[in-house]
Every structure is written in structure tokens, then in C-alpha cells.
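Asks: One letter stands for each residue in the lines below.
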Amino acid sequence: MSGAAALPDIAISLRDVSKRFRLYRGRHVSTVKDLFVRLMVGQGGPGLFSGEELWALRDVSLELGRGRMIGIVGSNGSGKSTLLKVLGGILKPTTGQVSVRGRVSALIELGAGFHPEFTGRENVYINGVLLGLSRAEIRARFDDIVAFAGLEAFVDSPVKTYSSGMYMRLGFAIAVTVDPDVLLIDEVLAVGDEAFQHRCVGKIQEFKAAGKTIVLVSHDLGSIERLCDEAVWLDGGRLQAHGEAREVVSRYLDHVAREEARALGVEHTRAEAAARTGTGARWGTREVELTRVQMSGGDGHERYLFETGERCTVHLAYRAHRPVEDPVFGVGIFRKDGICCYGTNTAVEGLTFGKVDGEGVVTMDIERLDLVEGDYLVDVAVHARDGHPYDYHSRLYAFAVRSRVRDTGVARLSHRWRLQPGGGDGA
Amino acid sequence: MAGHFADLYRSRALLATLVLRELRARYRGSFLGFLWSFLNPLLLMLVYALVFSIYLRVPMQGYAVFLFSGLLPWLWFSSSLGHAAGVIVGSGALVKRILFPAEVLPVVSVLANLINMLLSLPLLFGFLIVFGIRPHGVLLFLPILIVLQLLLTTGLALALAALNVHLRDVEQILTNGLTLLFFLSPILYPVSTVPTTLHLGSTMEVPLRPLYFLNPIAGLVQSYQNIFFFGREPHWIHLGTVSVCAVLALLGGWWVFDRLRDSLAEEV
Chain A
19 MSGAAALPDI AISLRDVSKR FRLYRGRHVS TVKDLFVRLM VGQGGPGLFS GEELWALRDV
79 SLELGRGRMI GIVGSNGSGK STLLKVLGGI LKPTTGQVSV RGRVSALIEL GAGFHPEFTG
139 RENVYINGVL LGLSRAEIRA RFDDIVAFAG LEAFVDSPVK TYSSGMYMRL GFAIAVTVDP
199 DVLLIDEVLA VGDEAFQHRC VGKIQEFKAA GKTIVLVSHD LGSIERLCDE AVWLDGGRLQ
259 AHGEAREVVS RYLDHVAREE ARALGVEHTR AEAAARTGTG ARWGTREVEL TRVQMSGGDG
319 HERYLFETGE RCTVHLAYRA HRPVEDPVFG VGIFRKDGIC CYGTNTAVEG LTFGKVDGEG
379 VVTMDIERLD LVEGDYLVDV AVHARDGHPY DYHSRLYAFA VRSRVRDTGV ARLSHRWRLQ
439 PGGGDGA
Chain B
594 MAGHFADLYR SRALLATLVL RELRARYRGS FLGFLWSFLN PLLLMLVYAL VFSIYLRVPM
654 QGYAVFLFSG LLPWLWFSSS LGHAAGVIVG SGALVKRILF PAEVLPVVSV LANLINMLLS
714 LPLLFGFLIV FGIRPHGVLL FLPILIVLQL LLTTGLALAL AALNVHLRDV EQILTNGLTL
774 LFFLSPILYP VSTVPTTLHL GSTMEVPLRP LYFLNPIAGL VQSYQNIFFF GREPHWIHLG
834 TVSVCAVLAL LGGWWVFDRL RDSLAEEV
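Line by line, the protein sequences are chains A and B.
Heads up: the first sequence begins at 19 in this note's numbering, then just goes up one per residue.
Heads up: the second sequence begins at 594 in this note's numbering, then just goes up one per residue.
Keep in mind that the hints were calculated from the coordinates and are not lab data.
Incorrect hints may have been included.
[Said to hold, decoys possible] Calculated lysine to aspartate or glutamate pairs in the EDC-like style (CA-CA distance at most 20 Å, straight line):
(1) Lys110(A) / Asp855(B)
(2) Lys110(A) / Glu615(B)
(3) Lys373(A) / Asp425(A)
(4) Lys110(A) / Glu155(A)
(5) Lys373(A) / Asp344(A)
(6) Lys221(A) / Glu243(A)
(7) Lys689(B) / Glu205(A)
(8) Lys226(A) / Glu243(A)
(9) Lys689(B) / Glu826(B)
(10) Lys110(A) / Glu859(B)
(11) Lys226(A) / Asp253(A)
(12) Lys354(A) / Glu278(A)
(13) Lys110(A) / Glu135(A)
(14) Lys689(B) / Asp238(A)
(15) Lys178(A) / Asp851(B)
(16) Lys221(A) / Asp174(A)
(17) Lys221(A) / Asp238(A)
(18) Lys226(A) / Asp197(A)
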């Protein structure tokens, strides 16, 4: 999508779009002066208002092609939802121009406008009319809506009796009935059970096949990679990248990893301080002391965020205050819910270090950190062969694992898939 | 302004749906349900009639019916504005998440309360007949009065709904304003009890009546009483005042609403 030749196929175009919000302190929404100025000057007059400002979008220029599916990624507060609302016409940009061709349906909050006292049937009509359908159109599609939501048995009960999943399903079913040219979706794939999610994805594929433009905001990067052709990465309201979905998601993940690593580094320092001051779960007689615990990646740099399958090293710096015979060094990795993912020590692996005195470092080199995505806590210890603890640090250190694969469990077992076509017993 | 009405006309399906939702939601879940729309004004009328006709002994034949014929249009006016002022703030979920013309919300408030009043009219006619007051040809003025009041109320409702989003004090100011306006309009008493002039000391004379009718609601309420209770034509001068006020209110209301429209989704 480049050059003037592609112009007729542009469904959405934004030129230097910025959106400013004013932040208020306390509950008072506005002052008489503000209101007066707003009435006199209208929407213009930047800088006239008091109060802090927040630029939710800053100079965003984008062209999105018709029939493409575009994912928007970014951390919380990066302007994703604001962008979606600007595209949907719900918010007006403070500066810049937005043009969207065709009928837009925004799935920003499903079931907005549902009245709890009314039945599902009544709400389908009310919500449908709000979204711009005529009563005749709704009547014609009513059965499809209810069937899609899977709510045939509940359609005449008040929606206040619905579970949140049912509520969302009905909202989604109505919103996709609008038959838009441009569909804006905010984080809705996360609703409903597996079966309904599959139906949603099916519906989205259907829209794609029909040549409709879809913009999807989601934190589920897997589904963005899977479903979208392109992705847009926003950070602090600014456009960071726009291009092929996998590539943009990759760049975004790298950025997140750097940020998280920095944050975890801070956390780790705090845990170390706790260990030094003797607070937290630390016990032992300290004939041998663990003076520093660090983790590093394959490049040898200290960090606490790894990708599944990465190389990782645990460094235990010790100081023996008197010569100690055969101390045992151990490492345990726990999930936050307390499940031990892996634990080992030098004794169970039949290693002996002989007499230890003074300072030194023990390293445990993990060739492949095959844990699934999650946050983990670490126990480290040095103790005597009979189990007498010299220095035990329980859950004082943390690290995180990120993965692009949404597998579950504790560890990723090394595996390979294969499909063999044809009959099983060699006909 | 013609454009605004054209927009509203295009949204008529939405208006109809929301008015119906409003009316049905109001009494949903209550045992007496829709009967409340008759019971509310009826009870109010009975209390006022008791206080003014029996305790304070207002010397007037058929005071209760007189009262009722002014009370119904007043209740339409005051409940419309009271509801409209909070309607955009209260529908935050809609305004923030769905692209739809927000001006329908205050208009729905006015229309829903109009329908409530229309449904109470048979009750009024019943009372009139019981009190021996025959329906008179001047009742043909009723549609005109209703249209004028509809325009006046809609204009005010639009302005209040949008202003209240920015300044929540509007609802409070309105509550007080409506109470004042209620007593400054000839609902509890006939206009004939209002002196034409007010003597301040021995030299100063204030023309009270003309000042009294600067309030368009006074002329409007009196017109309703004229056609329902007294069997007289409304004063043309009152109809003129109300018409001028209605046009001004509409122009002002749309102006305010248009000015604030784009900010509603942010500020709600």
C-alpha cells in the first residue's frame, strides 16, 4: 500500500491526528470559566483551558487499505482505544484529519446501552436501533442474532439475569449484524468460552473474506499475529511502527522485554536488599553466606526476563566465614502459586566441592530454560550435607519468562509434530 | 434549525425506540406499573386541593379541577427538564461507546413525559365532566399549546443536558429554579388573584401583572386553564410570548448543544 495508485483502496486514512484530553484533579468536572470559554470559542482555542493535559494521540498518520485486517498493539495507556474511538467517530481529534470510507461498526464495549430490566429480545431491538439498524432489519435477523449468541432459551429473560459472558455474546451478535464496511474491535475476543471465541474468529474470517476492513485492538499478540495482515504499534500516543503483523509484534515484544527487564532489575535489587537486611524469608547459621544472587542470559548480561528455551545462568556468590567441609548449593524454581517447577542441588547430583573457605561464586548454567510463560520465584540455599542450613533464601528472587506460543502447563517439553497422510496400516 | 429537525426526523426510529424504552423502564418492576403515571399527579393534586381548598379555604368553585388542568402541563415541563438535565451524564455508557446522535437523549426525555401527560388527559376530562364542566370548542387550541410547549421544553432540555455534562451544578440550579417557577406560575392560584399593580410606599407603583407574565410558563399555564377549565380562548399576547420564547429557547438550545457536542464523549 504505497503511492497514489493505491489510493482508491484506502479505507481509513489519518493525517497528523492528535487527541488531547484534559485531566482533572478531584471530582469537579469543570469550572464556569472553562464552560464559558468552550461555549464562546467552540472546540478550538487550545491552551485556553486550565488543568493538566494528556496527549492520548500525537501526530498519527496512517493509511489502512480496504479489506485488510489491522491489529493495534501497545501497552496500557498507549492510545489504542482512543485511536479506535477516533476512527469510530465517537471522539473528534483535537487536530488533524480522519477519513473512514463506508459504514463503521465499533465493537468498543459490547452491550453498551443494554437495559438490565429488559429482556434479551427487547434489548436486541434497542441496541440494534442504536447501532443504526431499522426495526425491520432487526426483525429479519433476530433469529440469527439469538442463535449466534446461543441464547435461544434466555431471550425472554431480563438481561440482568444474564452472566457476563451471555451479555457479551449478545452484544457481539448484535454488533456484527450491522454488516459494516469497517469493523472496529476492542479486546472482545477475550469474552465468552472457547466455543464462542471460535465463532467470533469464524465471523471475523467471514468479514475478511467479504473484503471488509477490520481494526483489532488486543493484548493477545498471538491472535494479532494469527489473524492480522498488518499491525500498528503505538507508544505514548505516537506511532512507533506500522507494517507486517509478525514484524511489528516482534519489535513491540522486544521493546516490552527491554522495559520489563529494567523493571525486574529494580525488583531484584529490592529483593537483594531484603536479603541483606535479614528481612523476608531468609534463615540459617551463616557459616557460609550467600552474598549475591544474580541471573544472566546467554550473552552474560544480568537480566530477569527470558524467552522460553533461552540459555540462563544463576550466579551464587558466597562467603565462608570459616572453612566448611562439602557445602551443598541448591536452586529451586517456583511458580507464584507455590508449585515447584524444578529443584536441584549439588548433593543430589553427586557433586562435591571439598573444603570451602573465603569468597567465591557458584554458577548453575541452564542450557534451555524450557518453562512456559509466567512469573517465577527462586529459592537459593547453601547447607551442610546433613541438611543443616547455613543460608537459605526463600522466594527472595523473581524472574519472568515470556513466550510467543500460548502453551500451558509448567514446562515446554521438547517436541515435534508430524502428520502422516494416508491409511494407518500400510495398504 | 431546519437541519436539526431533519436530523431528528431521520433518527425517528431511534427516538421511538428510546421513548418506548423510557416509558417501559420507568415502572418496570413496580407492582402498580404504569398506573403510577396517573397516580403521581393524582396524589399531588389531592394534597394540594386539601391544603388550599380546605385548610387555606381558597374561595373557588371546582378548585381541584382548576388545579389539575394547570398541574398536568407543569409536570410535563418540570419532569422533562429534570430528567433531561441528567440524561447525557446518566447515559455515559452510550455516549462514550456508540456513535449516535446524542441530542436524541434530551428529546426523548421531553417526548416520554409528553406521552405521560397525554395519557393523563382522559383523567382530567373525567374530572371536568364530574364537576359539570363541558368540553368546549376552545379545546381546539390544545394542539397549539402542546406544540409550543414541546418546542420551548425541547430547547431548554437540549441546553441543560449538554451544560450539565460540563457543570454538574446545573442539575442543582435547575431543581431550585423549577421550585421557584412553580410558585411564580398560576398553578395553585388563579391569575385573577395577582394584583395588577403593586404599591410600594405612597409614591411608587410597580406594574406587577406585566412583570408576572414575563415568565412564559405563566402565560402557558393560564392558556391551558382557559381552554380546559374556563372555556375561554387563550390570550393572544400569551401565545405570542410563549412562541417567541419557544423559538429563542430552541435556537439557544441547539447553539449550546452544537458547541458542546464534540466534547460530550470526553467529559461524561
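Asks: Each of the hints needs a verdict: does it hold here or not?
Replies: To see whether the hints hold, each was checked on the structure:
1. Using a Cα cut-off of 20 Å, the hinted pair lysine 110(A) and aspartate 855(B) holds, with the two alpha carbons roughly 6 Å apart.
2. The straight-line distance between the Cα atoms of lysine 110(A) and glutamate 615(B) is roughly 29 Å, outside the 20 Å bound, and the hint therefore fails.
3. The straight-line distance between the Cα atoms of lysine 373(A) and aspartate 425(A) is roughly 44 Å, outside the 20 Å bound, and the hint therefore fails.
4. Of the pairs offered as hints, the one joining lysine 110(A) and glutamate 155(A) is violated, with about 29 Å between alpha carbons and a cut-off of 20 Å exceeded.
5. Using a Cα cut-off of 20 Å, the hinted pair lysine 373(A) and aspartate 344(A) holds, with the two alpha carbons roughly 6 Å apart.
6. Pair hint lysine 221(A) plus glutamate 243(A) holds up; C-alpha atoms about 17 Å apart against a cutoff of 20 Å.
7. At most 20 Å may separate the alpha-carbon atoms for a hinted pair to count; lysine 689(B) and glutamate 205(A) meet this at roughly 16 Å.
8. For the suggested pair lysine 226(A) and glutamate 243(A), the alpha carbons sit about 15 Å apart, so the restraint of at most 20 Å is met.
9. Annotation: proposed proximity of lysine 689(B) to glutamate 826(B) is violated, straight-line Cα distance about 48 Å (limit 20 Å).
10. Pair hint lysine 110(A) plus glutamate 859(B) holds up; C-alpha atoms about 9 Å apart against a cutoff of 20 Å.
11. A C-alpha spacing of about 27 Å is found between lysine 226(A) and aspartate 253(A), which places the hinted pair above 20 Å, so the restraint is violated.
12. Between lysine 354(A) and glutamate 278(A) the alpha-carbon distance is near 17 Å, which keeps this suggested pair within the 20 Å criterion.
13. The straight-line distance between the Cα atoms of lysine 110(A) and glutamate 135(A) is roughly 33 Å, outside the 20 Å bound, and the hint therefore fails.
14. The suggested pairing of lysine 689(B) with aspartate 238(A) is violated, with an alpha-carbon distance near 24 Å, which exceeds 20 Å.
15. Between the alpha carbons of lysine 178(A) and aspartate 851(B) the distance comes to roughly 35 Å, so the proposed pair goes past 20 Å and is violated.
16. Distance restraint check for lysine 221(A) and aspartate 174(A): the Cα-Cα separation of roughly 25 Å exceeds the 20 Å cut-off, and the hinted pair is therefore not satisfied.
17. Among the hinted pairs, lysine 221(A) with aspartate 238(A) is consistent with the structure: their alpha-carbon atoms are about 18 Å apart, no more than 20 Å.
18. Between lysine 226(A) and aspartate 197(A) the CA atoms are separated by roughly 12 Å; this keeps the pair inside 20 Å, and the hint holds.
Hint check: violations occur at hints 2, 3, 4, 9, 11, 13, 14, 15 and 16; the rest are consistent with the structure.
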